[in-house]
Structures are given as C-alpha cells and as structure tokens.
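Order-wise, the sequence lines are chains D and G.
The numbering used here puts the first residue of the first sequence at 1, with every later residue one more than the last.
The numbering used here puts the first residue of the second sequence at 1, with every later residue one more than the last.
Among these hints, one or two may not hold up.
One copy or any two copies: either way a pair holds, since identical chains are not told apart in the list.
Said to hold, decoys possible - Here are the simulated DSS-like pairs of lysine-lysine, each with C-alpha atoms no more than 30 Å apart in a straight line:
#	residue 1	residue 2
1	K69	K408
2	K526	K361
3	K119	K17
4	K361	K17
5	K17	K124
6	K69	K492
7	K124	K439
8	K439	K298
9	K146	K492
10	K298	K124
11	K145	K439
12	K361	K119
Derived by calculation from the structure, the hints in this document are not laboratory data.
Number of protein chains: 2
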Amino acid sequence: MNMSTDSSHPYEAGLGKNAANYIPLSPIGFLGRSAAVYPNRTSVIHGNRRYTWRQSLERCRRLASALAKRGIGRGDTVAVMAPNVPEVFEAHFGVPMAGAVLNALNIRLDAETIAFILKHGGAKVLITDTEFAPVIGPALKLLDKKPLVIDIADPQGPGGDRLGECDYEAFLTIGAPNFAELRPEDEWDAIALNYTSGTTGNPKGVVYHHRGAYLNALGNILTWGMRQHPVYLWTLPMFHCNGWCFPWTVTALAGTHVCLRRVEAGAIYEAVERDGVTHLCGAPVVMNMLLNARQGKKLPRPIEMMTAGAAPPAAVIGGMEVLGFRITHVYGLTETYGPSTVCAWHDEWDARSDDERARLKARQGVSYPVLEGLTVADPDTLEPVAADGATMGEVFMRGNIVMKGYLKNPAATQEAFAGGWFHSGDLGVMHPDGYIEIKDRSKDIIISGGENISTIEVEDVLYRHPAVLEAAVVARPDDMWGETPCAFVTLKDDAEAAADDIIAFCRQHLARFKAPRHVIFGPLPKTSTGKIQKFVLRERAKLAR
Amino acid sequence: MNMSTDSSHPYEAGLGKNAANYIPLSPIGFLGRSAAVYPNRTSVIHGNRRYTWRQSLERCRRLASALAKRGIGRGDTVAVMAPNVPEVFEAHFGVPMAGAVLNALNIRLDAETIAFILKHGGAKVLITDTEFAPVIGPALKLLDKKPLVIDIADPQGPGGDRLGECDYEAFLTIGAPNFAELRPEDEWDAIALNYTSGTTGNPKGVVYHHRGAYLNALGNILTWGMRQHPVYLWTLPMFHCNGWCFPWTVTALAGTHVCLRRVEAGAIYEAVERDGVTHLCGAPVVMNMLLNARQGKKLPRPIEMMTAGAAPPAAVIGGMEVLGFRITHVYGLTETYGPSTVCAWHDEWDARSDDERARLKARQGVSYPVLEGLTVADPDTLEPVAADGATMGEVFMRGNIVMKGYLKNPAATQEAFAGGWFHSGDLGVMHPDGYIEIKDRSKDIIISGGENISTIEVEDVLYRHPAVLEAAVVARPDDMWGETPCAFVTLKDDAEAAADDIIAFCRQHLARFKAPRHVIFGPLPKTSTGKIQKFVLRERAKLAR
C-alpha cells in the first residue's frame, strides 16, 4: 500500500494540507517571533548604532515594502555590495520578505566580475556601500540594463561617491513599517543566490531555497549547542554563503548581531570587551591574527569559534584554546549553505595529547544533523572507499541543505548532482570512525584567506597578456593566507616580460587577491597527451621564493 | 511572476528536486546519525539493562525487519501497550523504519476503549507488556480481527500472562540487524496515531506526520536550549503525544534515555543520583510528588524540568527551584505534537518577587519556534481579542506542528481546522506582552493526573445505569490530581441507587481514573432552552465532600 499516492488510504483520506497545518518553511518567520517575544532586546550593534528586535523587524518590513513599491516581487533578484553592516543583515530578511532573492556580492571582486554577476543574476536592485563606488561605478557602466541603485552611506565607512538614486535610509522611509511580509508560496522557492568560483572561469550562481536556509539555520544551533541570546560577532563575511546562514540562526535565537566593517584584531577584541561576544566564525587566517595580536592574554570569558576553510594547525588550535577560544571545526561549500559537516567532539578525546587532539580536530568530521548523507566515494562509480583513513575518494553529500542548483546552468547542475549525490569536488578519506578528512582541494581551486580562486580565471587573464604563450596557475602554501596563486608562464619566442609586469597586468584585470604572488618562467611539464601536469607544478611552487 | 508555478522562471528552470538535494524530513534519520557518530555512548538505561547507540540502532532495525517479514509496511498500524520501557522507545524508530505508523496506547485505559482504538486504528500488530494482560486479554476478545500480538516480558515488571505468539526479544531475532530502513516517500506520511479524549464520547485518533515529528523534535531543543548528550528521565509517558516528541529529540542529541516503569519519587531520585539525569518532563502532580518526597534536600546538580497540563502553583514552583529544579512551563495538545507554546523567560524577570515570577511563569506564553501562528480570538469570527490580559477568547494555532487531522473523522477534522486555524478548544487571554494564558479548559474536559477525561464519555456510562434519569459530569478541583470527575445525577421516579453503586457501575465500564469520585443527587440546573448549566455545577462540585 502506497500511502503517499493513495488518497483513499485512511492515513491520507481527508488529511491533506491546509492553512492550519502546513506552512512552507522559511527563516523569515524567525524575525517576527523574536520581535514579538523580545521586542526590546538588542538585535544589532554597529559602532554607536544599536537596534532592538522591534526596530529590526520594522526596518526589514520597510525594506520589503519599499522594494515592493518599486515593483520588486517574487523571483526578482536584489544584489547587495557591502561589508558586514546592519544593512546586509536586514537584506537577509527584507529582501525575501518582498518575495525576492538576495544576491550578496563578494566585496573583493573586480568590476568585470561584478558586472558579469549582476547581468547573469538579473539583479533589478543593487544596494551598495559607498566604499565600493570605485568598483561598482565601472561595473554598472558595463551593463546595458541598469538596476535601481541604492547607496549605503555608513558614517563608519570611508565615504565615497554615491551612485544611486537615494540612500538606504531614505529608501526605508518610503516603505511601511507594518508591511505584511510575503511568505514563500513553496519552501522550494529561491531565497538567495551566491556566486562561487568554480573550476570553470565564470562564477556559478548557487541558488538556495527557503527550506534549506531554515534547516541549516537550525543546523548551526544543533551543531554548536547554541542557546537563547548569543552575542555573535560578524567576522565571517555575510556574503559568504549568506554568512553560513548565521543571519537567520542568530535571529532565531533572539541573539545580538555585532557588525564589523573590517576584520581587524583590535576591533574584534574591542567588541569582545564592549559587547560581550559569545560566538564568532572565521577562517584559520582570522585565528592566526587573533592569536598574534593577543600575546597570551586570556579572554574575559570563553568564546566559541567556528572555523572552516583549511585544517587548522595544531599550534594555532592549542594557542587559541589557551586564550579561551573553544574551536569547532566545520566544513562545507557554497553549494551546501556553508557548513554541512562538523568534527563532532568526543569527551574522551580531551585526555589525548595536544598534537593528537589537533590531529583529531583537523578532520572535517561527520554530517551536520540536517544533512542526510555524507560519503567518500569513487567519483565514477560512487562506490564508497574503504574507511581506512588512507584510500582517497571524492566527498559527496546529499540532503536538504544541498543547493537547488546553479542558476541558468543546467549542464553544471546535472554534473553536480550526477548519480543522486552532490559532487563536492574535494578529495578526502574516510577514517575507521566514520569521520572524513579532506586531503586535497579539487585540483584547480586555490583557497586564499578563505576566498576561492579559480585558477582557470587567472589563467584566462595571463593568456591575455601579449607576451604569454602558455600559463598554468597552482596553489602555493602560504603561512598567512593558507594558499596564494603561483603562476607558471612560458613566454612567446622573442617576447619579454618580468614577473612584476605579469602581476601588475593581472591586478588590472582581476580582484587583487586573485593575482599571482609568484611568477615562474619556463616550459610547462606535460603528459604524453599534452595535459599540463599541475601536480608537478604544485611541488615546484612550494620551493618558489 | 509566480516562481512556484512557472517552471520556466530562471530560479525554477532545471532546479527541481532530486535525490541529492531533497529528502523528506523524518526523525528516524536521527538514530542512524547518533549511532554512526557516537556508537559506544549509552543510549538507553532500564534498571540493569543498558544499550549503546550502535545496539539501539541494531535493535530498531531488527524490529523494523521483523515487522516487514510479517508483512507490515507503509501505512500499517502497530500498537504498543506498555509503560516507559526500552521497547516503547525502540518502537518510535523501528515501527516507522518499517514504513508503519505507531499507535502508543494509554496504559490506563479500559478494555472497551482499547478495543475501540485497536479496531478504529486498524492495528495489525500489538506489542503489549504482560502487566496489562488483564486489560488486553478482554480487549482482544472484543475484536473480530485479531492483530499479531507480541509480548513484552520485562524482568522488572510484575509478570502477567503472555497473550502473544512470541515475546519481543524472540521477535527481534527474526529481524536483520542491518535492515535498510524505509524513509517516508513523502514527509506528510503518517508516523504516529495518538488517541485523545475529546469532547465527544469516542476517542479521536490524532495523526502525526514525519515532517511535524522532525520539526517538533527540534523545537524542543530550541525551546529548552538543549545541547549534546542530555540524560533524559522518562517520567512523562511515551504514550502521551509520543512523549512530546522526546524519543526523537533525545536521540537527535545522542543523549541517554533513562526508562522508568512507574513514576515514583524514590525511583526518580535514585535515577538522578545513579544516572546523572539532566532533564525530565512531567505534570504539576509530578512536581508535587518530587517536592514532598525531597524534604528540602538540594539536588546534586541543577535539573531542567518541563511541565505542562495546568498552571503550576507559586509555592510549588518556588519549592522546586529551591531544590535545584529549573522549571520551564510549556503548553500544547495532542493535536500539536505535545508542547507548542512556552513561557519564554526574560532575564529581567529574575529580579521580581517569588509570587510575581510564579504568576509570570504560570502563563502558557508564546509559540514554539517551529509553530508559525498562535492567537487568542473569537471562536466564530477568528477576530483576535484585545491583548489586555482580560478579554477571553479561544486559543488557535497554525503551523507545521499541527496534526494532519483525525483518523476517519472528516467532520471533526474540518471542524478543528475551520477558518485555517486549529481550534484548541481552550479558552484564554492575550496579555499585553503577547503571552497567552489559559483561563479555562474547553468546558467539558477534565484533566486528572495529566489525563484527559471526556465528561461525555462518563455521562454515557451513567446514562446506561438503570436508575439514572439524567446525568452531568464536571471537574472538581483536587489537591492530588488537579481535577477529578464529579457526577450530578437525577434518578428515575421510584428508582433507588447509592453513590457507591453509581461509582462501582462506572468502574465496571470505564478506566478507573475516569469514574466519578463524587456523586451528587438532585435535579440539574438548566437554561431556558433546556441546556444543563455546567458552570453552576462546577461551583457546586467545589463544595462536595
């Protein structure tokens, strides 16, 4: 008997969905509840600006209302270009409350890439911090159809040109504070669009739905053991996988979002002292910075820190723990709403040596409670590898916190989901205790300071240099950034170019962080079929000075 | 533009559900994860019996497999009659892992009602503890079609006849420990069936789906701020709204279930000392018992206690807090998967006087984070009442933790969901701060020791007594039980009957706890249209000795 499809079965007959017992899952409901239960608690702190949950609800409703009045509705894209300021937090609610889809842009991108994303994502509105006018101005010039532009003029920012028809605060005034927010008609409706540098040159637009955002917002709470009213410091960019869903997580707990325009040790420790920070997230590079700046001075109280992006070195974990940071190691991808695995700790591991604890903690671990499947398997057959901690395979995930797919890219979407699993592109092993460990990033991606750099994108630029015959880019290990791009270049016959010329050329055409730090000239090693042997180059890169 | 229904919209085209990114929500996945991540942690304690999560997974799979081998599958009902023993916990996973629906029976019910439920619910299997053979035996005799009967022969139980073809442990041996559990085909598929005494005579079968069970299992974690590895003591019956979803909640957190056949202060405090209990739930009557037995001796460490069912008196809350119990007051109904509102605490209330804190805490509060709507409104117009703490209205809920509906009872289902809200039948007020407070149970229900008693059901029996002309039953306040039934009876002309006769007659035909404790003879007060004025009787009942 198939219940689901047999409406005459007693457990189905007359027992369908209705307005009383079914509402599409969406994180936007968290805001209304926190504002109703804790209207006077502090929701957002940004320097001297402070909001309560009642005020945040009103501001988000005003934003949704103002967007609606400008014709923005279901399925429209609203882009935001800003650091971690209250406006980006508000966009995580105000935009979907208008039925629209939030596209938070990486503030480190160059004008060309921004223009590509705005065009590809079909942004009808762009909310942009004046600090980024020098990039956004040229990007807008590259577009045939201009979006409605709204400026964020943050008194704490460095100023900059206004490019839009009004500023954000003025825009809010045209919205109604009691706007009746739109809930999604279906929890599968898109809530966010996040571009990621894949292994192809053009960024891919990862589409999130309301269901996944709701579930991973709760997944963070379950994984991290979070209780009511955390004070969450925004060191992790909100434009990275929607801040790993924490704009929704912290709101669900009626916590406090502490904003931060720049990730600087001084500002972080100031917020810790002043605002009573309890939680923060960041790449290992942030841990390094915090460790070096503190010089062994213990925190006023323990702080939970979630990290991802690279295995944290034992010395760093140990040093942070001495200060009073409790480190949780998670792993995920843009395609999995941010973190989707966690190195779930076992109490008995506390007794192990420092090195052994770091070795255990460096593993990417087990599935988030809201992810349903995690495996390391043969990329072709999907046959799981032996759980021996040695046999390499690709990491695969499945479940409700796997993206909807790539926007306007059916080929990439199908490839990513081939065989009914999401192909992470990361290579790893499965340990005997069921914990995964990433052994190698998918071969072409460079992770620098927590940012993905597609080597193909950099190579594309190198190939545009008049003197370059051939080029290949690989990751070079870097103490500060984790990895940096290292270019191997063969010049054309008779052509001349210095390393500095090549780097300067790349900086002209790429976000600064994507430009190679090192350029090495010479012939490229190749396979018999003519494929460049990047694994050879990676070894050479380690030796580059 | 309607995204949901326009498959050519860029946010929909090629971005449908597939095996990688969509899996129906179900709490059964919690078991597999906890067994994978914490295989050797203690899952269940029952006296000297102890299981690990690996063992619990194996036992649940064996149960599912054994059921499947006996032809039980999707949409079939499996009933369980037992106190809080490991087998009932296992049924919460093993039964749905076979695709079937769990019907946990209230062990205090009489044979006639049990027979009604088994027949109405269509149970194909009955797993029954030998303690209840004296009730189950006669109940089975009333059935034309007998279910497969499996006995639980608990060494800690009082013994009793075996009624089935084998005992539970023998049944498990025919199942495979590596059985591939069935996930629901749709998260709307039924997972459980719970009978409730409504205001009509026959119990109604409340149907839960996998989605709601998953969400309220997480709702408990969010509401109570639960972290990994709670040690949860089973004072609340698992047959009450599936133990308020805690079989799934505690499993999601890889905690420990501490079983308890009987709710006795000695056994509870023994488990607290021996097993390190951190959490428990129970009606105020349990608090009273714990308070009286402890005589002021503080707990070895604080324990979280969730209570519901009646407003806890200030003295009880105060006394419990002195002992070290932290009381959380929740409210809900069988129709809302157990608790669906919580008196969410505000830190600043800590500074109030004992009485004021008790008054604040006695309120039923605000919606669970996973409930989407809660209001107090006019039952006819659904217009919300003034939030003045005085204007009475009916309490209404909506959201994903509202039942699927009543089994085979479309009229009651439609009535319960009229207007797109679930009609709780409870009367209350809305305070200015948005907290609800129940002022009166729906007029006909008596809550005795946490059990619902339908007055109509009792009246039906009274009317069957040869000497009774008219009868009405109301709640009488009781220090021990909260309320007990009080019967008002008009005898037929020339007929004679003593109170004891009437009570004995009721005990013959009803569960003992439903029989009136008091019987008062005389004419019944009526309205001009002939309706019995129960509010007058309630006043009189208070004076009964």
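We went through each hint and held it up to the structure:
In this homomeric assembly, K69 and K408 come within 30 Å of each other (Cα to Cα) only inside a single copy, at 28 Å, whereas the closest approach across copies is 47 Å. In the homo-oligomer, the alpha carbons of K526 and K361 never lie at most 30 Å apart, since the shortest distance is 37 Å inside one protomer and 73 Å across protomers. Proximity of K119 and K17 under a CA criterion of 30 Å is satisfied inter-copy only: 26 Å between copies versus 39 Å inside one chain copy. Proximity of K361 to K17 under the C-alpha cut-off of 30 Å is found in neither arrangement, the shortest distances being 44 Å within a copy and 34 Å between copies.
Only between protomers do K17 and K124 lie at most 30 Å apart by alpha-carbon distance; the minimum there is 27 Å, versus 34 Å within a single protomer. Within a single copy, K69 and K492 get their C-alpha atoms no closer than 57 Å, and across copies no closer than 73 Å, so neither meets the 30 Å cut-off. In this assembly of identical chains, K124 and K439 lie within 30 Å of each other by CA distance neither inside one copy nor across copies; the values are 41 Å within and 51 Å between. Taking the closest pair of Cα atoms, K439 and K298 never come within 30 Å of each other, the shortest separation being 33 Å inside a single copy and 52 Å across copies.
Taking the shortest alpha-carbon separations for K146 and K492, neither the intra-copy value of 40 Å nor the inter-copy value of 88 Å comes in at or below 30 Å. Taking the shortest alpha-carbon separations for K298 and K124, neither the intra-copy value of 48 Å nor the inter-copy value of 63 Å comes in at or below 30 Å. Taking CA atoms no more than 30 Å apart as the test, K145 paired with K439 passes in neither setting, with 44 Å inside one copy and 60 Å between copies. In this homomeric assembly, K361 and K119 never come within 30 Å of each other (Cα to Cα): the closest approach is 41 Å inside a single copy and 54 Å across copies.
Of the numbered hints stated above, those contradicted by the structure are hints 2, 4, 6, 7, 8, 9, 10, 11, 12, listed in ascending order.
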